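These are the residues of each chain, in order.
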Amino acid sequence: MLLASVIVAVIIPHLLPRYYIHLLNLFLIGSLFALSFNILLGNTGLLSFGHAAYFGVGAYAAALLMKKVGLHYFIAIPLSMAITGVIAAIIGYFCSRVVAMSFAILTLAFGELLFVIASKWYTFTGGDDGIQSVYPPDIIASSAGFYYFTLIVVTLGSLAIWRILNSPFGYTLQCIRNNRQRSESIGINVRRYQWMVFIVAGVFAALAGCLFVTLNWSVAPPEIGFVKGGEPIVMTIVGGQYIFGGPIIGAAIFTFFQFFIGQITIYWALVIGIVLALVIRFLPGGIGGFIQQRMAASHQAQQSRV
Amino acid sequence: MTFVTFVNQFISGATYGLVLFMVALGLALIFGVMSIVNLAHPSLYMLGAFFGYFIWFSLKGYYLSFWLSVILAGLAVACAGIILEFFLRPLREHTEQILFTYAFIYIIADLVKMFWGGRYYTLPRPPGLDGSVTVGGIILPTYNLFIIGVSLLMAALLWLLLSKTKLGKIIRAAVFDREMVAMLGIRLPWLFALVFGIGAFVAGAAGLLAAPMGSIAVGMDAEMLVPVFVVCIIGGMGSFLGALIASLIIGEVYAFGILVLPQMAMAFMFVVVVVILIIRPQGILGRS
Amino acid sequence: MERYSKGKVLACVVGILALCFITLPFASAAYAGTVKLGLITDLTGAAFVTARDSADGATVAVDRINAEGGILGNKVELLVRDSALKTDMGVSHARELIFDKKVKLIVGPISSGVRLAISDVCRVFKVVLIDGIGGSVSLHRERGHDYFWQLSVPTSGESYGAAVGCSIFKDVKTMVSIAPDYVWGRQEIEGFMAPFKEMRPDVKILENFWPKLGEKDYTPYITAILAKKPDLMYSVLYGGDWINFVKQAKPYGLFEKMQVFCFAEASSQIGLGKEAPEGTWGFGRAPAPSIRTPQMKSFIKAYKEKMGRWPSDASVTTYDAFMVFKYGAEMAKSIDGPAWVKAMKGATVETLRGTLTFRECDNLSNSPEYIGPLVYDEKHGFAIFKPALAIDTGPIALSCEEIMQLRKKAKK
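Protein chains in written order, with our numbering: chain A, 1 to 306; chain B, 307 to 594; chain C, 595 to 1006.
Here chain A stands alone, though its shape is the one from the complex (with noise of 0.2 Å):
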């Protein structure tokens, strides 16, 4: 099973026609921003509506490194997912102090104050034009090599994640997000945990802007602001906060809706919005945790008939 689906992944660049390519480069990147969202969410607890902030100021620390300092891409992306650490540390420590409603707007109301400084310097940022003509080096330039090299990326990206979700860390948060008040109790620093959690999402965010900001050639503004944060969250609750492959089925499932969609309509918000209540009202474990469901209960069905 996991071989065929490596095979897969390696020919389908060639398979497929161009913009296909781009479109599965989208949802990538569109899987592992939603999978740093789900380390909130889904194994934390905490709903972030500001989390596009850490996607874009990474997609900017990494273009802005590559065109006014001149750094090589591969240098970039670290130092930016570093940049954005610091940033999601600062912000991360007035926001660890609340939760639910006020962490929601607080987050969001964060994400806004990027969005500003952003579009305000644009001696620095290039104000609301962003930066511009920001372009892979050339090893993975072409159309299959720069595919390739977001696959690498975002699966070590996902082990990284997969392997911190499954460590005493990600059980403690889990922990965080069944009992708050019971995991004071026995001595978590629930506050501190919820600090590192923050700055842990932020990071993989920002690793996720720095492959969009050279496949897009170019960031801007609203890759920080509300809409774009709309998107991991839709992504994560039509996929499935609970599962670990949620975010991705998400990711996959809107990447092809804002395709599909957008050739039909252009109220294709609408749709997202009616699709993100019916899931939530129905399948509050998203698609993936419907899947998880029929397979747990045909498993059971198959046990019983033995």
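Fair warning: there could be bad hints in the mix.
What the hints assert, rightly or not - In silico BS3-like pairs for lysine-lysine, Cα to Cα no more than 27 Å straight-line:
1. B:K366 to C:K898
2. C:K973 to B:K366
3. A:K67 to C:K844
4. C:K1002 to A:K67
5. C:K844 to B:K366
6. A:K68 to C:K1003
7. C:K1005 to A:K120
8. C:K720 to A:K120
9. C:K973 to A:K67
Please keep in mind that the hints were generated in silico from the structure rather than gathered at the bench. Every value quoted in this text rests on a predicted model; they were computed, and no experiment measured them.
Following the hints, complete the assembly by docking chains B and C onto the known chain A.
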């Protein structure tokens, strides 16, 4: 800064803050009674402005058409709110409610765009309130003063409703002990729908009341979202008085912030939020 | 997070992935033998009013082209995509249109930033991009290239036209300006100051005001402007911002106390309706009701019939963009990018705004900027230019050498 500028900014900030307050009022009511977080409340505000505009447009020429439109728009949005509440009912967790109502932000915005999008609409200020008064040599737009008055009036009416009427007593009882109220024979679903409807009515009416001061267009909802919720959080979710104080603080911080750094006026709002959340995480008058 | 069998989850993921992507090629329908032209515009977000007008202008253009026999005998299909003010959506749609749908033309979005990103894509893949909106000068200057064609008025020409307009008022001794604080707003003021100072060195510029884009509360600006007591106020606020400003300034009597010269694109005028202040003058890129040519009249009629409303500036210039493409295709006897570009270099075209010529070095058209007094018109239900004077923006354009210098510098 001259005295004239100060007074102008003060009135302007109070006006803006109190518009936020009217929207926050509905939110606080819904949260306080039903513990529901309605992220789409600012969208109801926008709906009120749009419904109101078209009602006013059809009633044009009739005496008191503006005021009638405000009431009718409020009622129309109350209906929309009740429909929303019906769908919201099975969701108990806050996170689920936030996400569900978040989806409705997009749904409502696109529906408005579908039916009425594509241009800006303006509403003239109602006759009698369209001029200005000069107080001690300072020109103050009459309508701004009216908004300040009407929002406080709305708050007072709502408070009266909750504290002096039988319905109000039932609502307050439901906050403390739902099951008991149900056992007394009150039909909870109807009660909750009514409360949501009242909250939605206030937001919708606010939408049309605020409209003559600017333009009506899709995007009004997004503009209101962060400030209204910041007001609720600072004031303490569910507290009317807290929302009032918070909205005045936010309104004035924003208004004077424009004088200092127009782009970063929002940043000043932040500083206030962060400071208050550090000192008192449940908000000024919130329950811990 | 449940420790579920990794293999099963992966299988599901790959399965869904495969399902989504295998169906994609079938999802995109294609008509054989048609020429596909693309419009990417910001239908979601703050610019959607203008974007809607732009899309409608495109629809009317394509209808007319098809009614007159299509392009080189082929039917034209218009594909509209929403970039929602986001560069990634703009770029993604540009690639979709170019590779998947094989469009031969892209007409750009409202946002200059998104247009810049799309321009890059068009340059690399050799697809013609005609700008029917205007905006940032970077598009045709340092970031310009063979495949980018500027059919509207960028900020340089627009602010020059406004400067000419303001210089008409001989009694004015002092003035203030107010513009939204972002790249476009800054370019408009910069481009205004230099020529205006030259034309009217006697006028003192008291202050420049910079509210943020989308500001709701203009009270501090209004009181500050009134305190300065200028003879003239030059405003670059547009859309909802201008409407908000007008509504808030009227009770203070601002419009009676000074001459106001404002950016008068149709959407804010239509929005204001009867509330438009009296005595203001405006500037605009394509005020349809005031351009009294037979082509414009027939365009307005067709537009009103199809859309049920009045065309705005963006409708006109987007319409022009498609018509110019058709003209170029006929000149080149081809719809292929390189051939089209070769045939159209330095060409002269007929548009709704008259005869325009493209400059060879940067494909900048000599589109005029219109100025005039804004007078409420009963038939239209909003204020229009009565009359509209076309100001030639030729004198302000940078020389070709300067453009090449800027481009060389940008490449470093």
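Structure-based check of each hint:
Restraint check for K366 (chain B) and K898 (chain C): satisfied, since their Cα atoms lie roughly 25 Å apart, inside the 27 Å limit. Restraint check: the Cα-Cα separation between K973 (chain C) and K366 (chain B) comes to about 19 Å, which is no more than 27 Å; the hinted pair holds. For a cut-off of 27 Å, the pair hint linking K67 (chain A) to K844 (chain C) is broken: about 48 Å separates their Cα positions. Pair hint K1002 (chain C) plus K67 (chain A) holds up; C-alpha atoms about 16 Å apart against a cutoff of 27 Å.
Of the pairs offered as hints, the one joining K844 (chain C) and K366 (chain B) holds, with about 22 Å between alpha carbons and a cut-off of 27 Å not exceeded. A C-alpha spacing of about 14 Å is found between K68 (chain A) and K1003 (chain C), which places the hinted pair at or below 27 Å, so the restraint holds. Note on K1005 (chain C) and K120 (chain A): the hinted pairing holds, with a Cα-Cα distance of about 24 Å set against a maximum of 27 Å. Simply put, K720 (chain C) and K120 (chain A) have alpha-carbon atoms about 33 Å apart, too far for the 27 Å limit, and the pair is violated.
With a C-alpha separation of about 54 Å, the suggested pairing of K973 (chain C) with K67 (chain A) is violated against the 27 Å cut-off.
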